[in-house]
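**Q** Residues per chain are reported as follows:
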Amino acid sequence: MAIDFPDNFPNIEQMLGILQKTIEKSWKIEIDIDDIYSWLNNFTGQFCDAEDEKRIALWILCNYTYYNPDDINHLCKILYKNFLHDVIVKNNLYEEDSIEKELKNVCFSSIGSASESGGLLLYHFRQQANISIDRFFYPTSIDSTSENIVVFIDDATLSGGTALRTFFKNVENIPYKSIYYLTIIASKEAVEKLSEKGINVIYCTLVDERNKCFSDASMVFYRFPELKDLVKNIIKNYGEIIEHEMPLGYKDGEYCFGFYYNTPNNSLPIFWSSNNWKPIFARKEKLQNAKQLHFAADRYI
Amino acid sequence: MPNNFTSQLTDTFDNPFDDINANIIEPQKILSLWCTPFNTGVLKDMDEKKFRTQKLPIILQGSRGSGKTTILKYFSYPVLKERANERNGQSLLSVIKSERSIGFYFRCDDSFVNTFKSIFENQSPDKWLSFFEHYLELSFCKQIISVLMDLNEVQNICIKSFEYKFIQNIIKEVNIAPISSATTIQDIFNFILTELRYIDTYKNESIFSNVIFTPSALLKLYSLSDVLINNISIFVAELNKTIYLILIDEFENLTEELQQFFNTAIKFSKQSISLRIGRRSEGIVTKATINQTEYLREKHDYFLVEINKGQKFEDQKKYFTEIAFKRLCISSKLCHSDGILGLLGDKEDLDEECREICRGRQEHLKQILSEKNSISSNAELKDQIINIIKNPNNPIAETINALWVIRSKDDVLISAQNAKEAMLAFFNKTAHPNVKKYINDYENKYRYSITVLLSSIYKRKKLYYGFNTIAHLADGNPRTFINICRTIISDALFYEKNRFFETKSISKESQNRAISEFSMSEFENVCSIIKYGNKIRNLILNVGNVFAEFHKDKKVRYPETNQFVFNKLELSDDLRNIINTSESWSMIIKREKTQRVSASIDRKGDIYYINRAFSPIFNISYRIRGGVNVRFSSDEITRMMVSLSTERKLSQQDKLESSTKNDIQLSLFNQEDRPNE
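Keeping their order, the protein sequence lines are chains A and B. Heads up: the first sequence begins at 73 in the working numbering, then just goes up one per residue. Heads up: the second sequence begins at 88 in the working numbering, then just goes up one per residue.
Derived from the structure by calculation, the hints contain no laboratory data. Small disclaimer: the values here were computed from a predicted structure and weren't measured. Mixed in with the good hints, there may be bad ones.
[Claimed, not checked] In the BS3-like style, the derived pairs of lysine-lysine whose C-alpha atoms are separated by at most 27 Å in a straight line are:
1) A/Lys97 to B/Lys396
2) A/Lys100 to B/Lys396
3) B/Lys204 to B/Lys420
4) B/Lys477 to A/Lys93
5) A/Lys97 to B/Lys204
6) A/Lys100 to B/Lys420
7) A/Lys97 to B/Lys137
8) B/Lys137 to B/Lys357
9) B/Lys420 to B/Lys396
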């Protein structure tokens with residue numbers, strides 16, 4: 073079956089041109105045409121004409137947002153500035169001394185375990201905010217008093233679940249003056265959920281239905297609404313094969329973004345899955361316990 | 088699959104042509120990438136020493152991207168310091184002494200100037216120029232004292248040894264109250280910094296308040312700097328012959344009052360202070376001074392140095408080769424013994440390109456032969472002729488044969504035979520009465536036009552690739568050249584990375600794709616930022632389309648037509664302004680010398696062409712040829728600015744030519760008339 077593309081839908085050559093510029097100017101990552109073709113070759117024409125499948129895959133790739141290290145640094149800086157602004161306003165701090173004093177009572181921590189990406193993000197954050205290392209804590213050992221402001225740093229909160237779990241697990245029973253959740257990306261739903269618990273959420277990007285690839289409000293298909301359902305079927309069918317549990321991403325995320333250090337599972341699996349599939353932005357899965365670890369020890373002996 | 092953390096940490100390849108804007112390039116890089124334009128085709132009759140030490144001010148004029156900023160920055164103090172660093176064993180002081188000049192760079196940022204003007208004009212309309220003068224003098228003095236402090240820091244001089252007398256002299260010679268209590272050079276420096284900070288703070292705060300501007304003293308240009316310089320020459324003997332250059336860049340951005348202010352500074356310059364001014368073109372700046380009766384006179388008040396004036400194409404190539412060499416040498420992966428030629432190749436292989444376009448097909452021969460009435464309706468005759476003239480291995484040659492047939496007044500079969508024999512004589516190097524003409528047609532006159540025509544017949548785009556092509560497209564403009572190279576390497580990194588690093592060369596397909604992309608994006612970018620952008624965009628698209636029509640002419644009557652003429656004096660003031668803006672932004676370019684306006688017209692005039700870099704948009708030739716120039720009336724120019732409506736000029740030209748000639752002979756290539764003297 074061939075797809076009846078609208079006349080103004082870009083062809084493969086045009087989209088490769090767009091990607092070339094995006095990669096050079098924005099993503100700043102070493103992806104070339106071979107990497108893209110290698111990924112496109114996953115689309116073998118199982119659900120419609122192979123060339124048409126590749127064309128729609130390229131279209132979705134053109135709509136992907138990739139956060140490189142410079143972006144992360146910049147966004148961490150923004151997060152810190154916004155956090156400072158909020159602290160100053162909420163606490164009526166007008167003198168430099170009083171601001172400095174207040175900042176000495178801030179405890180920063182990441183979300184998740186020490187080895188997870190939260191730790192890496194915390195490193196970016198510390199570099200950009202130029203904060204002393206003694207103000208950073210493991211989530212499980214936050215040294216807080218009722219004078220303290222506890223701040224969690226994360227890259228994305230979409231359902232709000234992980235953030236709430238961290239809160240209940242690590243902070244609920246310790247004293248603090250206020251609690252902040254600083255995240256690069258947040259969904260409206262997560263912000264509401266966390267705010268209800270008295271957590272101040274500060275974010276750089278608020279994602280909503282428009283950012284979901286196949287929602288009615290999707291920005292990806294706003295020019296080509298007639299293609300949306302057809303494309304969704306194809307992407308979902310491939311998703312079923314490679315990530316049966318979450319063909320459109322965790323909790324049907326349908327998102328199209330990722331960070332240089334990892335890709336969230338809320339994004340479409342066609343980008344990140346490695347199950348008999350060549351990903352364009354691979355995801356490093358978390359191994360939650362020793363049983364999940366298939367460590368080929370003999371390779372290292 | 089590149090997305091992992093480690094891939095970010097690997098040694099990534101930096102495009103050696105990435106730094107293109109001299110405004111933001113580090114001084115060290117300006118020095119390392121420096122290719123001297125002095126005493127080359129770029130800047131004839133001007134050497135570095137003269138440019139540095141000439142007391143008469145110099146105006147450096149050149150188009151956008153011609154290298155004015157790089158030249159001015161090369162003479163600035165930060166780059167001088169880098170030169171001193173590179174010359175092991177030579178102190179900063181000895182380098183200044185040997186160069187006999189120090190330059191201080193000031194860029195006329197139009198947003199800064201406009202903000203300054205609006206804020207201070209609001210404060211006192213008749214005084215805002217004085218405030219600007221004050222600001223400039225403070226900035227100049229700050230830089231002069233910084234040099235002294237640097238020399239002291241590297242122990243080339245000892246300020247302490249002369250500071251007391253120096254300060255006493257300054258206090259005696261200038262009547263600036265806040266300085267009267269100074270005891271050290273640092274005190275004067277602090278005064279300057281405080282005043283500059285006050286102006287900057289005032290600039291920001293005045294938006295929100297009605298505070299009155301009250302500097303602690305209002306300095307006139309040179310009131311303090313000249314005294315400082317004179318005393319430096321007394322106490323630091325090595326600097327007693329040093330000229331202090333104020334390097335003013337982007338002069339055309341200044342308001343008319345400020346231009347007049349600087350013109351006055353040019354006219355009444357000081358013994359040890361001179362100006363070097365970078366600006367685009369004569370037409371858009373004033374020569375008036377603040378004194379309404381005094382105007383600047385070239386060679387009397389200043390020297391005018393024009394970048395690229397009369398530069399020969401071979402000199403341009405030589406200069407570009409050197410620019411590329413310096414950049415390629417920085418990159419270990421691209422350090423190529425054959426330089427840019429090894430990377431891009433030199434000239435296009437038009438024979439090969441035509442073979443790839445035609446792939447043994449004969450459609451082009453059929454279409455060209457059909458242009459002659461006696462052949463068009465007779466398929467059998469057409470086939471007979473094609474059988475005689477065909478040469479599938481050489482489409483250019485067989486196309487020339489077809490053109491000879493349709494142009495001949497003899498019997499078509501005899502003409503075909505004659506063309507074939509001339510072709511064979513040419514290839515076999517044997518004698519034939521028409522072989523000389525064949526050589527000219529094949530090797531010079533029609534090669535390029537036929538390639539474009541064949542591309543058009545087979546609905547392909549003419550390929551643009553090779554160093555020679557890029558040098559033509561850049562048309563002497565280093566920024567365009569560097570930009571094209573950058574785009575090409577960027578394309579190769581994406582589309583053929585392995586091949587690129589293995590062979591250290593870039594395929595013609597990749598080059599062509601990048602050049603086409605550059606061409607279009609440069610055109611759109613410039614149109615989007617300039618005044619009258621839409622009108623200029625329309626004009627260029629319309630003119631380009633007219634040329635494209637000429638290039639598709641199956642009779643190839645006017646090969647490579649890409650120049651046009653119009654009478655600027657007939658245009659309204661508004662239209663002239665638009666034309667001036669497009670010239671200032673090098674969207675259209677006026678040939679340096681006036682020439683005969685067209686092959687059949689014995690009248691001289693200004694000849695224009697659209698920026699060569701835009702040639703790929705229209706699939707037209709980038710070469711400078713003589714012959715026919717398309718004439719546009721002022722009405723046509725007006726129409727073309729308003730909307731996209733391509734004028735039918737080929738048929739008009741045809742009528743014009745047929746009324747003056749029976750046979751079209753275009754043998755005026757490369758003939759240029761002498762300039763008006």
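**Q** Each hint needs a verdict: does it hold in this structure or not?
**A** To see whether the hints hold, each was checked on the structure:
Using a Cα cut-off of 27 Å, the hinted pair A/Lys97 and B/Lys396 is violated, with the two alpha carbons roughly 35 Å apart. Of the pairs offered as hints, the one joining A/Lys100 and B/Lys396 is violated, with about 40 Å between alpha carbons and a cut-off of 27 Å exceeded. With a C-alpha separation of about 49 Å, the suggested pairing of B/Lys204 with B/Lys420 is violated against the 27 Å cut-off. A hinted pair counts as satisfied when its Cα atoms are at most 27 Å apart, and B/Lys477 with A/Lys93 does not qualify at roughly 44 Å.
Pair hint A/Lys97 plus B/Lys204 does not hold up; C-alpha atoms about 36 Å apart against a cutoff of 27 Å. Among the hinted pairs, A/Lys100 with B/Lys420 is consistent with the structure: their alpha-carbon atoms are about 19 Å apart, no more than 27 Å. Only pairs whose Cα atoms come within 27 Å are accepted, and A/Lys97 paired with B/Lys137 is rejected, the gap being roughly 42 Å. Distance restraint check for B/Lys137 and B/Lys357: the Cα-Cα separation of roughly 17 Å lies within the 27 Å cut-off, and the hinted pair is therefore satisfied.
Taking the CA atoms of B/Lys420 and B/Lys396, the gap is about 36 Å. The hint is violated against a cut of 27 Å.
Comparing the model with each numbered hint stated earlier shows that hints 1, 2, 3, 4, 5, 7, 9 do not hold.
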